[in-house]
Amino acid sequence: MLKYIFPEQASTFATRVDPMYYFLVIFSALVCVGIGGLIIYFAVRYRKIEGENRPSKALHSIALELTWTVIPGIGGIAIFAWGALLYNDFANAPEGALEIDVVGKQWMWKVQHANGMREVNDLHVPVGRPVKITMTSQDVLHDYYIPAFRVKHDVVPGKFTSIWFEATKTGEYHLFCAEYCGTEHSLMGGTVYVMEPEDYAQWLEGGPKTSPQESGQFLFEQRGCVTCHSGASGARGPNLMGVYGSTVTLGSGDEVVADEEYLRESIMQPALRVVDGFSPLMPSFSNQLTEEDVMDLVAYIKSLSAEEGAE
Amino acid sequence: MAVIADREGAYAPPVREENYLTWDHSIKSWLFTQDHKRIAILYLISITVFFLLGGIFAMLFRIELLTPAGDVFEADRYNKFFTLHGVIMIFFFLIPSVPATLGNFLVPIMVGARDLAFPKINLASWWVFNVAGVFALLVLVTGGVDTGWTFYSPLSTSYANTSVFLAVTAAFAAGFSSILTGINFIVTVHKMRAPGLTWFRLPLFIWANYATGVVIMLGTPVVAITLFLIAVERLWGVGIFDPALGGDSVLFQHMFWFYSHPAVYIMILPGFGVISEIIPCFSRNRIFGYPFIAFSTLSIAILGFFVWGHHMFVSGQSFYTGMVFSFLTMFIAAPTAVKIMNWTFTLHGGNVIMTTPMLYAIGFIGLFTIGGVTGLFLAAMGLDVPLHDTYFVVAHFHFTMVGGMAMAFFAGIHFWWPKMIGKMYPEFMGKFACIIIFTGFNLTFMPQFIVGWLGMPRRYHAYPEEWQVLNVMSTAGASILGFGFLACIACLIWSAFWGKPAKQNPWGAKGLEWEVCTSPPHPHNFTSIPVVTEEAYSYTGEEVLDID
Ligand SMILES: [Cu+2]
Ligand SMILES: [Cu+2]
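Quick mapping for you: the protein sequence lines, in order, are chains A and B.
For this note's numbering, count along the first sequence from 1 and bump the result up by 27.
For this note's numbering, count along the second sequence from 1 and bump the result up by 71.
Everything labelled a hint here was simulated from the structure, so no lab data went into it.
These figures come from a predicted structure and were not determined experimentally.
Glycine included, each C-beta is placed from N, C-alpha and C at the ideal position.
Some hints here could point you the wrong way.
[Claimed, not checked] Label-pair restraints from in silico Cβ distances:
hint, chain 1, residue 1, chain 2, residue 2, range
1, A, S311, B, F390, 24 to 32 Å
2, B, A140, A, L299, 55 to 63 Å
3, B, K262, A, V60, 44 to 52 Å
4, A, F50, B, E537, 22 to 30 Å
5, B, F390, A, R156, 23 to 31 Å
6, A, A141, B, G317, 31 to 39 Å
7, B, D142, A, E282, 53 to 61 Å
8, B, D142, A, A298, 48 to 56 Å
9, A, N80, B, F271, 25 to 33 Å
10, B, V309, A, E282, 27 to 35 Å
11, A, N115, B, L322, 23 to 31 Å
12, B, I506, A, E122, 56 to 64 Å
13, B, L369, A, L93, 17 to 25 Å
14, A, S313, B, D142, 39 to 47 Å
[As the list claims (entries may be wrong)] So, partial list: chain B residues that the calculated Cβ filter (under 8 Å) puts toward chain A:
hint, residue
15, V409
16, A547
17, Y610
[Claimed, not checked] Derived pair list, reagent style DMTMM-like, types lysine to aspartate or glutamate, alpha-carbon separation capped at 20 Å:
hint, chain 1, residue 1, chain 2, residue 2
18, A, K75, B, E614
19, A, K196, A, D166
20, A, K84, B, D619
21, A, K186, B, D319
22, A, K159, A, E79
23, A, K75, B, E613
24, A, K75, B, E498
25, A, K132, B, D147
26, A, K75, B, D619
27, B, K494, B, D619
28, A, K84, B, E614
29, A, K159, A, D116
30, A, K159, A, E126
Please build the complete structure, drawing on both the sequences and the hints.
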């Protein structure tokens, strides 16, 4: 019976969001019962009685008006603050989260794990470890939604977005597309399998052995990125060692932090933000690379910074 | 307005027996009328047709949702049903509902004018609306449209192969007709108020329609541009929204919601106006906090333009952008609470009479309050993450739009029916239908809050089995709701032909339309210019019902 009213709670974010939800449910119920009760009480207490007549009274009361302006105002701000704090949790993945790439297309989810293991629609993740999912779409808007984890985010063509979560319970959970995307929108989903870390590791072993990083390295050479980004001084393109996470100064004088979305943009629309000291001669690869390729290249460029850091 | 005098002397009743309905019976005199009252009736007929049509689509997809599997209709057909339901109900029922019918009828009368400022533009508005309606019907004939009423790009521009162009044209034209109505209201209220009718003597219904006019004027051109750009991208492949063509799909959402959030106030503000008339009338009491209600209307109209991003917390807009929108949205709680509390306190110390319009109005307050507080859930960024695009949202906006606006519309139609048609509807049937609607409504949408929180996304043709019970409840409720609407409409239509003739002021109400105009009004509304010497709602508690 309970499962008809209370959803499964299977992530750390769920345990943080739910109190706010149930608090607001109770609060709303009180407000509605209060106002409803008052109306019914007034309607009965002051009902018209034949022959009797209550002369019309006070037009307004400043004290009352202030009360019901200020209290909802303050309440609103409190709800805003609570909601923003929660969102802050939701938006910032912790360091060292397990990274998984997802590409949405009408009407399936293509998933690639860190070691190259691929799956479609379903998602396997370990319990008790933060997982960060980087997503993009090959066609229209989609939305990656796992109700038991209380997380969702739009999956936008031409752009990377991400969600993160830490599963707290092993089991199987629904996975949906929440942004309407055409004919089979309601079938664009699958199951999230939350597994013990050992089981997950074992499951990963079943897959192919080229990790996104390795495919990325292959593409980097095959597509000729390396000719301009050789890392040598005097090369036509900037050195990409350590670029991920660093602050890049642009020709316009602005500074940006090179996150996944920036790297993606640098590959697909290089002319948009040109690195200081370089001319905009990098060709756009937007018609030549699939979304998976870009994910792989980004994974590779990110690994370059990891190596650098180790040296 | 107890004291009403002609400029020259005492008010004299109209000399002629004729009223605006009977003075000319020819078809031409209706289709090309410039009389705001007749245009109101024409609009009423048009939107009733669309309301029924939109309702049929709702029934069809509720039937599909009886079973978890997508088995009754194909997915494409289901998608068309909810899209058409949304497009028709929003652009062809909710937006024109109160302004184009009650507003058209009452704004000139309430300000003591003979007609709206631009009668020809008013007629044009109805014609444009019908042209839009023809486009909407063409959409149906050519196989429908399946983008959702939100027309999100790139689905609508590069992928959908249904009648998107016709549908955006229909919405574009319908928007245009509302602009024409909006201009008329603004100018009429500024320029044509009767002698003595100062701004703070205006009925709150006028304030509400005036504010609506302003929102329409400022917002609708933006959606017109947006819909136009959709057509441009679709027809000529110019990259505006589709990233594959070099566009930006989040830009579409910004432009769309810049209009579509204010549009919810286009839909609800006139409803607020209706409620502000009915509650004092049947409480036999002055309205509580007149200036506060008036200013809360204006502040909602203005604030409404700065909160559109609350529809986009998980669309990829930045955290700080989201914070600004969430923060500003919370401020709408205050003026909304002000209205609800002032209506409630109008009952205090009054002499409450439970007529059908009053029953609807009280139902409105209850349902709209629920719609309002559930909006807080969605405006809180972190909590919107799980709730966004689920049935929780569907339930929330139906509480505001159907529980709110549709209830207000029916409240108003019953209230002014004797004035507009000159006949009394049967009171018992009216109350009966109201209670059925209220019950059916709650049974339909309460379970949707729960199923949404459980995680059911909206616009789903098929869903997991464990949610069947809640969906069956919802469909059962929708059937009851549908029956209630039919009962209500049937009762009104019946009464138009066979109802008892209405007296001039059956409710004992205040206001020029009741105290000066006959039922139905004279073709020119007033036989002499009324002079207003009192505030609105100057009820004494002694007014009596005049129904036999
Ligand atoms: Cu989808
Ligand atoms: Cu909104």
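(message) Tell me the numbers of any earlier hints that the structure contravenes, in ascending order.
(response) 2, 16, 19, 20 and 22
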